[in-house]
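**Student:** Chain residues, written in single-letter form:
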Amino acid sequence: MLSTVRSIALRALFLLLGLAAVTPLTAAASRGFNQLLDAVVRIDVREVAFEDGSRRFTGGVGSGVILDAEGLILTNAHVASPRAVEISVTLANLERVGATLVGWDHWTDLALLRLDLDEIKRRGLKFSHAKFGDSDRLSPGQTVFAVGTPHGLTRTVTRGIISNNRRYFEDNTGVRGYETGSFNTWLQTDAAINPGNSGGPLVNEKGDVVGINSRGYVGADNLGFAIPANTARRIVGELTRAGTVTRSYIGLVPGVLRDLENFYSLELNTGMLINSVDPGSPAARAGLRGGDILLAINGNKVDGRFPEQLPPIQNQIASQPVGSALRLSVKRGTQTADYEVVTEQLVSRVGEEWALDKWGLSVRKVSRTYARENQLPDDTGVLVIGVQPGFPAAVAGLSRGDIITKINDTPVASLESVKTAHAAYETAPAAVLVEARRNFRVSLYVVKP
Amino acid sequence: MKSPSVFLAILLILPAFARAADVAELWRERLKSVVAVEFFTETELDRRLSFAFATVVDDQGTIILPAAAISGRATPAQLKDFRIYRPGEPASNFSVGEYLGQDLYTGWHFLRIEEKGRAGLVPVTAFAGATATAPLIAEEIFGIGLRKKDEDFAPYFLTGRVAIVQTIPQRTAVTTLEIASPGLPVFTRDGVFAGLGTAGFGQSYVMFSERTRGGQGVVLVNSDECAAFLLADEILPHLGRIPTNVLGRPAPWLGANGLEPVDPEVAKFLKLESRAGLVVSEVLEGSPAEKAGMKERDILLEVDGVPLPRLKPDGAVVGHVEREIDRRAPGEVMKVGVLRGSERVTLDVVLEDSPPSPREVERKYFEQLGLTVRAFTYADGVNRRVKVADHAGVIAHFVKPSTALTTAGLRTDDWIKEIDGQEIKTFQDAAAKLAAIEQDTAKTEYVLLASRGGETAVLRVKLK
Numbered sequence: 001m002l003s004t005v006r007s008i009a010l011r012a013l014f015l016l017l018g019l020a021a022v023t024p025l026t027a028a029a030s031r032g033f034n035q036l037l038d039a040v041v042r043i044d045v046r047e048v049a050f051e052d053g054s055r056r057f058t059g060g061v062g063s064g065v066i067l068d069a070e071g072l073i074l075t076n077a078h079v080a081s082p083r084a085v086e087i088s089v090t091l092a093n094l095e096r097v098g099a100t101l102v103g104w105d106h107w108t109d110l111a112l113l114r115l116d117l118d119e120i121k122r123r124g125l126k127f128s129h130a131k132f133g134d135s136d137r138l139s140p141g142q143t144v145f146a147v148g149t150p151h152g153l154t155r156t157v158t159r160g161i162i163s164n165n166r167r168y169f170e171d172n173t174g175v176r177g178y179e180t181g182s183f184n185t186w187l188q189t190d191a192a193i194n195p196g197n198s199g200g201p202l203v204n205e206k207g208d209v210v211g212i213n214s215r216g217y218v219g220a221d222n223l224g225f226a227i228p229a230n231t232a233r234r235i236v237g238e239l240t241r242a243g244t245v246t247r248s249y250i251g252l253v254p255g256v257l258r259d260l261e262n263f264y265s266l267e268l269n270t271g272m273l274i275n276s277v278d279p280g281s282p283a284a285r286a287g288l289r290g291g292d293i294l295l296a297i298n299g300n301k302v303d304g305r306f307p308e309q310l311p312p313i314q315n316q317i318a319s320q321p322v323g324s325a326l327r328l329s330v331k332r333g334t335q336t337a338d339y340e341v342v343t344e345q346l347v348s349r350v351g352e353e354w355a356l357d358k359w360g361l362s363v364r365k366v367s368r369t370y371a372r373e374n375q376l377p378d379d380t381g382v383l384v385i386g387v388q389p390g391f392p393a394a395v396a397g398l399s400r401g402d403i404i405t406k407i408n409d410t411p412v413a414s415l416e417s418v419k420t421a422h423a424a425y426e427t428a429p430a431a432v433l434v435e436a437r438r439n440f441r442v443s444l445y446v447v448k449p
Numbered sequence: 001m002k003s004p005s006v007f008l009a010i011l012l013i014l015p016a017f018a019r020a021a022d023v024a025e026l027w028r029e030r031l032k033s034v035v036a037v038e039f040f041t042e043t044e045l046d047r048r049l050s051f052a053f054a055t056v057v058d059d060q061g062t063i064i065l066p067a068a069a070i071s072g073r074a075t076p077a078q079l080k081d082f083r084i085y086r087p088g089e090p091a092s093n094f095s096v097g098e099y100l101g102q103d104l105y106t107g108w109h110f111l112r113i114e115e116k117g118r119a120g121l122v123p124v125t126a127f128a129g130a131t132a133t134a135p136l137i138a139e140e141i142f143g144i145g146l147r148k149k150d151e152d153f154a155p156y157f158l159t160g161r162v163a164i165v166q167t168i169p170q171r172t173a174v175t176t177l178e179i180a181s182p183g184l185p186v187f188t189r190d191g192v193f194a195g196l197g198t199a200g201f202g203q204s205y206v207m208f209s210e211r212t213r214g215g216q217g218v219v220l221v222n223s224d225e226c227a228a229f230l231l232a233d234e235i236l237p238h239l240g241r242i243p244t245n246v247l248g249r250p251a252p253w254l255g256a257n258g259l260e261p262v263d264p265e266v267a268k269f270l271k272l273e274s275r276a277g278l279v280v281s282e283v284l285e286g287s288p289a290e291k292a293g294m295k296e297r298d299i300l301l302e303v304d305g306v307p308l309p310r311l312k313p314d315g316a317v318v319g320h321v322e323r324e325i326d327r328r329a330p331g332e333v334m335k336v337g338v339l340r341g342s343e344r345v346t347l348d349v350v351l352e353d354s355p356p357s358p359r360e361v362e363r364k365y366f367e368q369l370g371l372t373v374r375a376f377t378y379a380d381g382v383n384r385r386v387k388v389a390d391h392a393g394v395i396a397h398f399v400k401p402s403t404a405l406t407t408a409g410l411r412t413d414d415w416i417k418e419i420d421g422q423e424i425k426t427f428q429d430a431a432a433k434l435a436a437i438e439q440d441t442a443k444t445e446y447v448l449l450a451s452r453g454g455e456t457a458v459l460r461v462k463l464k
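From first to last, the protein sequence lines are chains A and B.
This note's numbering numbers the first residue of the first sequence as 1 and each following residue consecutively.
This note's numbering numbers the first residue of the second sequence as 1 and each following residue consecutively.
Hints listed in this document are in silico derivations from the structure and should not be mistaken for laboratory results.
From a predicted model like this one, the values you see are computed outputs, not experimental measurements.
Some hints here could point you the wrong way.
Derived lysine-lysine pairs resembling DSS-like cross-links, with alpha carbons at most 25 Å apart [stated by the list, open to error]:
no.	chain 1	residue 1	chain 2	residue 2
1	B	425	A	331
2	A	365	A	448
3	B	271	A	448
Could you put the whole structure together from the sequences, leaning on the hints where they help?
**Tutor:** Okay, here's the thing in structure tokens:
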């Protein structure tokens, strides 16, 4: 909210997913570069959407890069998510093969797919794979190439330079409504990237993958952003191992210290400002509050003077195992004290979604994070994200934004309890009493055949 | 063969002429019950001019303005220079009015005209009928409209017929055409006071544009004239409710927040037959309702043993209950019948005077800083989901645009919790701290900890 850091004009960023326009390749291609070209794929995804009170299907096109001989493909989380029902990969030789989702991580906008190796074997297809370069060694001005499927134009290569190697931006709804960018900085490039480039690699002249192209500014010329390879490498490891990335959360909202050192009597480059502490979070329970200065985590000093420095600090906290005790050294006024904070698992504000077709209602589970942000007493309930006009829920008066807290006499503790009530209605349609809240006002509705 | 029909026509028309002349006379006489009111609302930066129309209610120069005539955000101290104009007289002739306050139950603002300005005024009660009778459907009603100041508030005649009479929750007649300026009286054809014109009734239109295809629905509200009036029996019994203080205290308080009507389908499901009910969304901390044992999600069914009326639209029942509270005095017991699960419970609620509202509490404008702060109120706690024990700090009531404060990110209605690292407990803490900052010419910056939407932020405000 108040934090300027968080409210950078990120809404103007578009996701590079979609379809038309070409820039020709004019680079002297090395052997490594040619091999890279053979590792870049086009990804067509058909996925389910729950938005309008029903289950519908949508589709999109993105890019990806094959990482190994086992057929692991790295792409963006906003290209392939758990909502995908059918993923089809077009190899460099233009052959199409099926793939499945291994896992995704919207925080870094990365997803991992696996090619259907049986199909590959059966059809005798061949593919190449790329290798990661070191993104920490990139310097502004260095030549890079973006490879992908802009607007559906497969195998498009564009050239540019690294415009900035440590761009900070966070977007609370950046990956299809999910949070992104809190734990990593981004590479900025002027290599032309367009909708459809999403998930394709950003490579150096040797063909090493230094980043995964992800997004660009709407209405701007050649302001593109990529996830650094060193971040991607770590996430690929996690996704391969566990299918998901588990992070720790303590509830600190960081701010930059720039210009505030005098006020807090701090040496330059010392500490991170805590702008806010989420109510009810581990940090709040430990007694931390907005205006405190975080000096060190487990004895390791932190420096959050500039916005670019915040994601690594956030990542340091997030990388701790869930449930571990952190020793935070905190300055408040003239006092410095240590606080022990036990981490809990980080959850997205976006809960699981489902469509209750017979009621014409699509819902999303209220997550702990959503409840905190919206000052709800707890995570009971499901949020209405769509109603189909003329269907029972709409006729009863329910609308988008309502939070259903109770169905008949059963509090809605999980998405499962809503599904159960809906299944009962499906077999024997009968009037159901629904309790819902909107802006803290509680209303009753009768959903009936 | 022609003459009989001509004769017949004359017979029919003649009385109509005679009666029309009567109405004009009746109308002219009743102009003595109406005045135009001009006043200023002074805020930190502006001095806003407003006009409203008022009805004379007694021979002490007391006049009433409708609730909407004065913004609810303005404090009585901000209302300045009330001037009273007579319809059709040169605007250079005016008398001075004194603001007496707003009555909570009726919503009226009461004013008193200075003594020398009262000559020739006739209270509207002089035109009241012997018995209060509701107007009949199709009955003709006439009233007074007033033009703007540049036309000397010239009066004009308005007339229409009663289309429907509804209880929403006040008894209100809607008319076929506009019958009065807002707040001005209307009369039956015989000149009997029928009620006061009430604004806010919009009409739905479809707007077509040459550029876009299809029509777009719009609701248009005529803010100069009304096609509805509150019936005389909603007015006459309450004209004596002249506030004894400008804040309109005492203000009875129940503390059941977010009353949401149950619709007929829900009532049927809950086996409430055709009764009206209101879901209590929230029982406020420390309120009379809480003390009496009211619970969240109770369904309010009765007040003093009387079932809530089934009013249409459903939401009108909320207004009914609010008026049931407002017409009582703090200390009175209100018996409230609720449905809790499947159980009927009766609660004896002892109403209390409500906690001070944001417009009543201390506030101060720091001109150099471009900031008005006011004390944190009970209502601020409710809106921000803060327990009474945690009430502290001050509210940024006004933040001057394009100043260092807005650059720092402070906005109106932010909750200031710390100033320069010092926790702010009370309004006095904040006022002292801000005054010191304002006076310290050597100071180059100050730092606020502000909260918005449950999240805090440290704001650095540059002074130079």
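**Student:** Does each hint fit the structure? Answer for all of them.
**Tutor:** Results of checking the hints against the structure:
no., hint, verdict
1, 425(B) with 331(A), "holds, 21 Å"
2, 365(A) with 448(A), "holds, 22 Å"
3, 271(B) with 448(A), "holds, 16 Å"
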